[in-house]
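Please take these sequences and the hints and turn them into a complete structure.
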Amino acid sequence: MISLRLQLPYYCVRVVCAVHGKLNIFCACSSSNRPFSNLIKQHFSHKPAFCINVDPFLQCRCRIVFTGIAQNHFKNLSTSCGHIELDSLVLEPPQHAQPQKVSVSTLSALLRKCGTAKSLADAKHIHFKIRKHGLEQNNFLANQLIWTYDKCGSVKDAEKTFQALLKKDIVSWNMMIAAYAQHGHEEHAYHLFCSLVNQGLKPDKVTFLNMLAACNGPLFLRNGRKICMFLFSFFKQLDITLLTALINMFGKCGSVEDAWNVFKKMVQRNVVTWTAMMSAFAHQGLSKDVMQLSVKMQKAGVRMNKITFITMLNSCTNLQALPAGKIFHTFIVERQPDMGKILGTALVSMYSRCGSLEDAYHMFDRLPLKGDIVLWTAMITACVDYDLSNEALHLFQKMLTYHVKANRITFASMLEAIANEALYLEGKLLHFHAVEEDVNHDIVVSNALVTMYSKCGSTRDAHAVFKRMPEHDLISWNALIASYAQQGQGKEVIRFFQSMKEEQINPDKITFICVLSACSRAGMVDEACYYFTMMKGEYKVKPNVEHYRCIADLLGRVGRVKEADELLREMPYVPGEMAWSSLLGACKIHSNMEHGDDAADYVFEINPQDAAASLWLAGSKAQEEDKYLVENYHLFHQMQN
DNA sequence: ATAGGGTTAG
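For the first sequence, position 167 (counting from the first letter as 1) is numbered 191 according to my numbering, and the numbering increases by one without interruption.
For the record, the hints were derived by calculation from the structure and aren't laboratory data.
One or more of the hints may lead you astray.
Said to hold, decoys possible - Calculated lysine to any residue pairs in the SDA-like style (CA-CA distance at most 20 Å, straight line):
id	residue 1	residue 2
1	Lys365	Gly395
2	Lys330	Leu367
3	Lys645	Tyr626
4	Lys515	Val549
5	Lys320	Val280
6	Lys192	Val230
7	Lys429	Leu391
8	Lys394	Val428
9	Lys191	Cys218
10	Lys429	Glu415
11	Lys394	Asp383
12	Lys586	His619
13	Lys491	Asn530
14	Lys612	Asp634
15	Lys323	Arg293
16	Lys452	Asp485
17	Lys422	Gly395
18	Lys153	Ala188
19	Lys533	Met595
20	Lys651	His619
21	Lys560	Pro596
22	Lys330	Thr354
23	Lys645	Gly609
24	Lys330	Leu391
Computed from a predicted model, the values in this text were never measured in an experiment.
Written out as structure tokens, the structure is:
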């Protein structure tokens, strides 16, 4: 074994070996968290000369180890700059050392590393080097830079690089379009595409693939259609990739008809095409069509892959089809023995959501992928869905012993479990844990925290979390308002409702349930009616049974039994046992015989076991008998005498 | 070109 220590910074190490044979070269950095390939090259059958690219910004020592038959036959070893310290091998001094020269390919390789490592600071550093070497207008590097900035999450820097480039080639445009699309600036991507075309430049296949990927929601169907038209006019014949991308685009934009039209006309289809079409159906909730398509796919003799299976399992879930899911499971075990984490997790969640926690657990236990956070979260969520909060807590603890770090979604799920059990102390601990993992500012985690504290009875903590949030969405407001509504603090709820409007967030049916129930608990009749009207008028929220029941309850409780009764009869829903029972209760308190009799009849009709209704009807009958007795009192009296 | 886990009411 020969090893070599490098005094950094280095750009490139060049190794030339004199003989043919096996040579292993390992590279390791002492204290680096950057990605660095371990095994560089293994076997040389001829001319064993190659380069190792070393990240010049590593602030650590790098060690390269050579083993294998050819290890003692180095002809020379040189670097692009600096010098080498060798442990046990004397080599010729570096002959090709050119201290200040950096090759374009080296810089490009370094940029790629920065991109995959998502290291914006390093990317900027290399950008600086590029400028220093006067390579700013090199298209190859500039394009690579746009890509790197995109991967590092900085559209701004990508944009600057793109604009600074004087002679943009089609790759530059494509990279910039992809960067916009990746970061949710679909409209920017579209505008860029338009200006590209307007400048008389020719978009290529990649341009179209990027543009189609940028149409990822019903809002972009119009753009998608335009691109589709352009695409057909631009190419005489579209290849399978482009057509599949079209299916995918129409699927994501919610137009299955268009997707199907493309699919239907295709002469050649592969696994991806079939899966994309299934995905388009699945997107619209057309799970049966997914299943039918899978049968056709089988008949067409196209072998399914992992992604096809995942899509199909999803449809089983949507159809609540446990038997079908089980059949697919056996099928998958036959076809895909190395199912991998995503497919394994999909199976766990299919079983859980199709009503078989046992199968989900069995699947989970058999999977060897215990280092995967998504798998753990799926299993924890399954327990929460089955109301097994203690089991969820237990799993969470077990997960930590595997050194798997909880993420925002795990916390959201765990907080729900704790909220259901109203475990205040555990909730606090989990809150601290979330702070440690730096996910407490996440909107979903914050919303779950607000709810957790609210259900644990601490409106104060809930409000504190809410106030510390950088931004609020509809769910945040609903969670906060629900917390105060539960305490019956009608005035506070109305105050928050106003603030919510000030933040330009529109209330939905859940907000109004909270507002109305708060008014109801606080006995605020006029306010309740006011918000009920506002909900229907100003916000166009269609009231459901709960909303009506809430108002009817309140009207009954304050003695406006007649109005309550009318509301229940007028509403476009069947009132149900709860609604009539509640009215019956109100009639009892306010001694309203007329409406009480009817209400009791309805309750008794729905549920003859209902004690209150039976009692009322019996009482009512007794009263009738009493009345009869009173009317005929004298007669009885006379008869007795 | 196709892909697994999440938050709000009663």
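Results for each hint:
no.: 1; hint: Lys365 with Gly395; result: holds, 10 Å
no.: 2; hint: Lys330 with Leu367; result: holds, 6 Å
no.: 3; hint: Lys645 with Tyr626; result: holds, 16 Å
no.: 4; hint: Lys515 with Val549; result: holds, 13 Å
no.: 5; hint: Lys320 with Val280; result: holds, 17 Å
no.: 6; hint: Lys192 with Val230; result: holds, 15 Å
no.: 7; hint: Lys429 with Leu391; result: holds, 18 Å
no.: 8; hint: Lys394 with Val428; result: holds, 8 Å
no.: 9; hint: Lys191 with Cys218; result: holds, 18 Å
no.: 10; hint: Lys429 with Glu415; result: holds, 18 Å
no.: 11; hint: Lys394 with Asp383; result: holds, 17 Å
no.: 12; hint: Lys586 with His619; result: holds, 7 Å
no.: 13; hint: Lys491 with Asn530; result: holds, 19 Å
no.: 14; hint: Lys612 with Asp634; result: holds, 15 Å
no.: 15; hint: Lys323 with Arg293; result: holds, 13 Å
no.: 16; hint: Lys452 with Asp485; result: holds, 10 Å
no.: 17; hint: Lys422 with Gly395; result: holds, 12 Å
no.: 18; hint: Lys153 with Ala188; result: holds, 16 Å
no.: 19; hint: Lys533 with Met595; result: holds, 16 Å
no.: 20; hint: Lys651 with His619; result: holds, 19 Å
no.: 21; hint: Lys560 with Pro596; result: holds, 14 Å
no.: 22; hint: Lys330 with Thr354; result: holds, 14 Å
no.: 23; hint: Lys645 with Gly609; result: holds, 18 Å
no.: 24; hint: Lys330 with Leu391; result: holds, 16 Å
Hint compliance for this structure: no hint is broken.
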